[in-house]
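> Sequence:
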Amino acid sequence: MKNKLLVIGWDAADWSVLNPLLQSGKMPALARLMSGGFHGKLASLQPMLSPLLWTSIATGVRPHQHGVLNFVEVDPQGDSVRAVRGSSRKVKTYWEILYERGVKSNVIGWWPSHPAGNSGGVQVSNFYNRSGDVELDPLLEGTVFPPKKSDEYASLRVHATEMTSRILAPFFPHADTLDGSDGLLSSCAKIIADASSIQAAVTEAMATTEWDVTSVYWDALDHFKHVAMKYHPPRAKDVSEEDFKKYSGVVEAGYRFHDMMLDRLLDLAGDDCHVLLLSDHGFTTGEERLSNTPDIPGGPAAEHHPFGILVGKGPEWKTGEVYGHSLLDICPAILHLFRAPLAENFEGRLPREWWKHPYSSKSVASYPIESEALAGSSQDERRLLSDLQALGYISLPDDDALAKRAVEGDSRYNKVTSLLDGRLLQSAENESERLFMDFPNESRFAYQYLGILLMTNDVRFSSELTRISARFPSISAQYFHGMEALRSGFPGKAVQYFNEVLVNVGSQPNIEVSIAKALHSSGATNEAIEILKKASEAHSRLPFAPLALAVIYDQIGDSSKVIIYAITAIERTFYLPEAHALVAKNSLNLGDVESAEAAYRLLLHMRPSDEVSRKALQQILKDSGRSEEANSLHREEQSPQIIVTGWPRSGSSMMMLMLEATGLELFRDTHREADDSNPYGYFEHEAITRTHVDASWLDLAKGKVAKVLHPQFRQLPGDRSYLVIWMDRPLTEVVLSQEVMLGKEKETVMNHFPFGKAMQMQVEMDATLSWAESAGNMQMLRVSHNHCLLHTKEVVQSVVDFLEKGGVHRTWNFEAMENAVDSALYRSRLT
Numbered sequence: 000m001k002n003k004l005l006v007i008g009w010d011a012a013d014w015s016v017l018n019p020l021l022q023s024g025k026m027p028a029l030a031r032l033m034s035g036g037f038h039g040k041l042a043s044l045q046p047m048l049s050p051l052l053w054t055s056i057a058t059g060v061r062p063h064q065h066g067v068l069n070f071v072e073v074d075p076q077g078d079s080v081r082a083v084r085g086s087s088r089k090v091k092t093y094w095e096i097l098y099e100r101g102v103k104s105n106v107i108g109w110w111p112s113h114p115a116g117n118s119g120g121v122q123v124s125n126f127y128n129r130s131g132d133v134e135l136d137p138l139l140e141g142t143v144f145p146p147k148k149s150d151e152y153a154s155l156r157v158h159a160t161e162m163t164s165r166i167l168a169p170f171f172p173h174a175d176t177l178d179g180s181d182g183l184l185s186s187c188a189k190i191i192a193d194a195s196s197i198q199a200a201v202t203e204a205m206a207t208t209e210w211d212v213t214s215v216y217w218d219a220l221d222h223f224k225h226v227a228m229k230y231h232p233p234r235a236k237d238v239s240e241e242d243f244k245k246y247s248g249v250v251e252a253g254y255r256f257h258d259m260m261l262d263r264l265l266d267l268a269g270d271d272c273h274v275l276l277l278s279d280h281g282f283t284t285g286e287e288r289l290s291n292t293p294d295i296p297g298g299p300a301a302e303h304h305p306f307g308i309l310v311g312k313g314p315e316w317k318t319g320e321v322y323g324h325s326l327l328d329i330c331p332a333i334l335h336l337f338r339a340p341l342a343e344n345f346e347g348r349l350p351r352e353w354w355k356h357p358y359s360s361k362s363v364a365s366y367p368i369e370s371e372a373l374a375g376s377s378q379d380e381r382r383l384l385s386d387l388q389a390l391g392y393i394s395l396p397d398d399d400a401l402a403k404r405a406v407e408g409d410s411r412y413n414k415v416t417s418l419l420d421g422r423l424l425q426s427a428e429n430e431s432e433r434l435f436m437d438f439p440n441e442s443r444f445a446y447q448y449l450g451i452l453l454m455t456n457d458v459r460f461s462s463e464l465t466r467i468s469a470r471f472p473s474i475s476a477q478y479f480h481g482m483e484a485l486r487s488g489f490p491g492k493a494v495q496y497f498n499e500v501l502v503n504v505g506s507q508p509n510i511e512v513s514i515a516k517a518l519h520s521s522g523a524t525n526e527a528i529e530i531l532k533k534a535s536e537a538h539s540r541l542p543f544a545p546l547a548l549a550v551i552y553d554q555i556g557d558s559s560k561v562i563i564y565a566i567t568a569i570e571r572t573f574y575l576p577e578a579h580a581l582v583a584k585n586s587l588n589l590g591d592v593e594s595a596e597a598a599y600r601l602l603l604h605m606r607p608s609d610e611v612s613r614k615a616l617q618q619i620l621k622d623s624g625r626s627e628e629a630n631s632l633h634r635e636e637q638s639p640q641i642i643v644t645g646w647p648r649s650g651s652s653m654m655m656l657m658l659e660a661t662g663l664e665l666f667r668d669t670h671r672e673a674d675d676s677n678p679y680g681y682f683e684h685e686a687i688t689r690t691h692v693d694a695s696w697l698d699l700a701k702g703k704v705a706k707v708l709h710p711q712f713r714q715l716p717g718d719r720s721y722l723v724i725w726m727d728r729p730l731t732e733v734v735l736s737q738e739v740m741l742g743k744e745k746e747t748v749m750n751h752f753p754f755g756k757a758m759q760m761q762v763e764m765d766a767t768l769s770w771a772e773s774a775g776n777m778q779m780l781r782v783s784h785n786h787c788l789l790h791t792k793e794v795v796q797s798v799v800d801f802l803e804k805g806g807v808h809r810t811w812n813f814e815a816m817e818n819a820v821d822s823a824l825y826r827s828r829l830t
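Following numbering that gives the first Met the number 0, the numbering of the sequence shown begins with 0 at its first residue and continues without gaps.
Calculated from the structure, these hints are not laboratory results.
This structure is a prediction, so every number in the text was calculated from the model and none was measured.
Please note that the accuracy of each hint is not assured.
Claimed, not checked - Below, in silico cross-link-like pairs of lysine-lysine (DSSO-like), each with a Cα-Cα straight-line distance of 27 Å or less:
#: 1; residue 1: LYS621; residue 2: LYS584
#: 2; residue 1: LYS1; residue 2: LYS361
#: 3; residue 1: LYS533; residue 2: LYS560
#: 4; residue 1: LYS236; residue 2: LYS533
#: 5; residue 1: LYS317; residue 2: LYS25
#: 6; residue 1: LYS403; residue 2: LYS89
#: 7; residue 1: LYS516; residue 2: LYS560
#: 8; residue 1: LYS804; residue 2: LYS584
#: 9; residue 1: LYS361; residue 2: LYS317
Turn these sequences into a full structure, and let the hints steer you where they fit.
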């Protein structure tokens, strides 16, 4: 029987509000869903802007890849600004991919999804709810597909004027004493009406069409929170008792309203239907709330919290709590449920742990799309843009030319933010530099560019800081002056700058943690600790400050405090293997063997191939007289997988040739033949390039040596152990070799050397080495490319010793390994 799936989007839903309601029995439908399924937190992306995030959920890629970069866009005709369209996507959504495979989908209200298209069921675009103050507007062309159903679905809509005091009573207990002049009541009336219209449309579609997937999105919770979260309990200092009495129940009522709608959807879906309920981000609450939102495009997004909710249930899925998921995992999971191939450009991971009986998946290169954007009338657009401006998400000049330029700049800024979030530092730097050149009077763009120069350790940072801070004096300049003072060896001066920053910006966790880490690395540990303590108290749901404190205390040897702060971080976000590792290690330091044992067991549950933790736990068990149990912890006898890695052109092929010369079998195919750059061959296998979606090649590579270059190396699964030979070569030589291989003349490259690329590679390499060190299932030998050429015999001995220690026992042909090194191929030297 074909699977069925119901996908429910609740924008800004957050466990901080949901958990108390669940505990008091006020969300019965959600409790019913959770009781038979899994649940957890869902990490958001940057920038946290809803149309970008919901498109990432639907496509499995980041905003800079899918092309939806703003709430608004320039009309393709180039003469006006309009609300962003789903037709601006550059890649396909899961419902478009599935429709090509015979899976029929209803899509209701997704943001953005206009114009509606054919997915085998009914599509109702996000323009469905647009209306005036007095009456509903006629539906825009393209709002409903198939078009013949437009009148039917238009009649299902509800207008804000239909919201009676009885309907509003759960939100405003004293609604009968309020009138239409109450702005918050009027706003909520429209939010409720719009949500009711979406509910009517989705229930109609589910009840009257043949469907395999129904996807529905509500923006109501996000809107309720933007207008009323400041009144939510506990009462904020700047909220009067009168206003608190009038408006404190709005957010809770909004959640309970959604629970009532959920109850009906679950009944229509039936018990055999898989269900995914998720949000794109959370929302600040309690002491986290801002008294004022930033006066910049997308300013209300400052109230968003980086973790949303994830709930799933279905015949193929397990029950319990799940950890470590992001928005980018949702599209791969949905495609996998219907046995559709996963795109190789998906950055998210397939959450196989959801499945009771996992099965393999296939892959394709990508899912690009070509679509024509539909234009709307200027009157239509004014109404849509007015709604976005009323919510505070956009602020556009009246002049069309200025508005277009503003939208272009904001969209490009968001693209850079997305590139940074995806750790594509060099691309982000290039885009940011061009953006600042094109918009030299925009301070936001200037300081974004300066921040990237700092991250990449660009030599231009100091001079650009002088230029930008002189042109745009601001508190941001003080932050960067502090970082420059640290770089220059003046931590005392840096502290002065940072104190000024913290006084002016208030408590912002990302800034505070960044400042604290910089101070600690420069020796100002006491100052760092004080900043992190304040940040931990001010942001009581985020784990970053207490985890940073635990790391600092671990480095200075205060085990008691390590445990206090590591546990605090775990209480906020359970899936933090590094925090559990700190608890285990430092509990053992303090002689608390019982706690150490529990922490190591948890670590092994999270990272089954963490051999460091496994051995530590075995030792604990042996020391306490439980040798039999310790021996049972041995994993099934499995030889570690030998991996040769490094950057392309770092000497990995040379190492593969050496290992083959001594008789080790290589995991390779013939898809890439030898050439002038690698006359002995590349020793690669095409399957390795698809590791992020299908790592089954590892089963075929058992007992063989595999060449896994960056970035596939970081995609190796954690269900086995590895012996890793990392080829080290000066990155300037790596870059030179790569550029020459691409057809450029060596002298030309030398005269215009891409130092920025080399520095970005250094940052990524450091991050990868740090990841490998903390993974727990990797033993690593770093081999210098130059040393291998100049001191071959010594390197051969170190490689053999490393492999023998790792359990690879054989007769080694030392002479053959030495002879496999051809020093004549050392051509890309910086001389």
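> Decide, hint by hint, whether the structure agrees.
Now for the hints, and whether the structure bears them out:
no., hint, result
1, LYS621 x LYS584, "holds, 17 Å"
2, LYS1 x LYS361, "holds, 18 Å"
3, LYS533 x LYS560, "holds, 16 Å"
4, LYS236 x LYS533, "holds, 19 Å"
5, LYS317 x LYS25, "holds, 25 Å"
6, LYS403 x LYS89, "holds, 21 Å"
7, LYS516 x LYS560, "holds, 17 Å"
8, LYS804 x LYS584, "holds, 25 Å"
9, LYS361 x LYS317, "holds, 22 Å"
The structure is consistent with each of the numbered hints, conforming to all of them.
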